Amino acid sequence: GENVEQHPSTLSVQEGDSAVIKCTYSDSASNYFPWYKQELGKRPQLIIDIRSNVGEKKDQRIAVTLNKTAKHFSLHITETQPEDSAVYFCAASKETSYDKVIFGPGTSLSVIP
Amino acid sequence: DAGITQSPRHKVTETGTPVTLRCHQTENHRYMYWYRQDPGHGLRLIHYSYGVKDTDKGEVSDGYSVSRSKTEDFLLTLESATSSQTSVYFCAILIGPTDTQYFGPGTRLTVL
Numbered sequence: 001g002e003n004v005e006q007h008p009s010t011l012s013v014q015e016g017d018s019a020v021i022k023c024t025y026s027d028s029a030s031n032y033f034p035w036y037k038q039e040l041g042k043r044p045q046l047i048i049d050i051r052s053n054v055g056e057k058k059d060q061r062i063a064v065t066l067n068k069t070a071k072h073f074s075l076h077i078t079e080t081q082p083e084d085s086a087v088y089f090c091a092a093s094k095e096t097s098y099d100k101v102i103f104g105p106g107t108s109l110s111v112i113p
Numbered sequence: 001d002a003g004i005t006q007s008p009r010h011k012v013t014e015t016g017t018p019v020t021l022r023c024h025q026t027e028n029h030r031y032m033y034w035y036r037q038d039p040g041h042g043l044r045l046i047h048y049s050y051g052v053k054d055t056d057k058g059e060v061s062d063g064y065s066v067s068r069s070k071t072e073d074f075l076l077t078l079e080s081a082t083s084s085q086t087s088v089y090f091c092a093i094l095i096g097p098t099d100t101q102y103f104g105p106g107t108r109l110t111v112l
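For the protein sequence lines, the chains are A and B, in the order given.
Residues in the first sequence are numbered consecutively from 1, following my numbering.
Residues in the second sequence are numbered consecutively from 1, following my numbering.
If you're looking for bench data, these hints aren't it; they were derived computationally from the structure.
Hints should not be assumed to be uniformly reliable.
Partial list, computed: chain A residues near chain B (C-beta under 10 angstroms) [unchecked claim]:
#, residue
1, 6
2, 8
3, 11
4, 89
5, 100
What you are looking at is a predicted structure, and each value in this text was computed from that prediction instead of being measured.
The C-beta atom is built at its ideal place from N, Cα and C for all residues, glycine as well.
Just chain B, with the same shape it has in the complex (with noise of 0.2 angstroms):
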């Protein structure tokens, strides 16, 4: 599996509350990120890494907040969680030398 994991695997939280999803890698792999994915909508980019302390934000990343503090580990904060962050959240990594993308298992994030 890339050495790539996701947790929780599954969270209901409530709307207005904090949340925070981790992911975490084994191999030192430089870039890094998140995406959520929705019917319709296909996988769309949160935010990214490209290395300690090094992030960008993506096309969808209202509402989200990201830090990389160490290279293994890629962390997602929604600061007040809404009903419209419902969604399965994907982690990836960009693995050489054909520098493509690997998922984690996924995140389903309920906000009631």
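Chain A extracted, bound-state conformation (with noise of 0.2 angstroms):
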């Protein structure tokens, strides 16, 4: 089945610089890949997505890029600010397959002001 690897497992990072974590995925039929980001003590939240007919997705300071050859996806995140520190998660599916989102270990990022 397939397995979703993630790093680093925590990252800390000055305000304003970049952040980025990276995924890797096992089953080259997965086609959807979404990030969600975890807050303390609140659930997850999904900040972007990408598709495999897409290499990269952007949405103000946050971008996606994926290798589908290499099967890797990455989150990248531009002028970090304090409010991104969470935990942020990677996940790999099939889309015609509800049942089978898998998910990283996740990364917890800090931002120090």
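Relying on the hints, combine the two individually framed chains into one complex.
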């Protein structure tokens, strides 16, 4: 079955710097890759997603890139702010298989003011 | 909040007792999910449902059962709770048209 790895497990950056979180997946049939942000004590919330027919997607300060050949995808946050501090989860699934959303173990991001 | 709630939000119970967690949604979404979240493991799927009385197992289903007798309610039952089931449990629904998962507020369960 699908396996999703995520690195690093913790990341600390200075406010204003960029942060990059990388994920790899094992099932070449996976074609949908969402990213979730979870603040302390709250529910995971979708922040951006990408499908396999797209190589990159941006939404203001966040962007996601996908390399299908290498089976990895990354989250990029630019001009980080203290409110970006949270745990970020990547996930992978096949769009037609709604039961198989596999999450990575998470990255704890700390933005230092 | 996409009309999804969970109850109870917190529960402390003893080993060997049965526990039922409830997930309630108000918008008639077909797919509902139960996850557990533990440090270092991310979110792991326990069971999911694709309609009334239609359920299937996820990757960590041992020790858990589910039921969905109405579209709006998805129940997770621990028949005999163990300490290894201490966790935060999240319910999720699948929302179209982008088919993204939206999570409930979570239930923190402690089994002593």
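Quick rundown of the hints versus the structure:
no. : hint : result
1   : 6    : 8 angstroms, holds
2   : 8    : 13 angstroms, violated
3   : 11   : 15 angstroms, violated
4   : 89   : 6 angstroms, holds
5   : 100  : 8 angstroms, holds
Violated hints, in rising order: 2, 3; the structure is consistent with all others.
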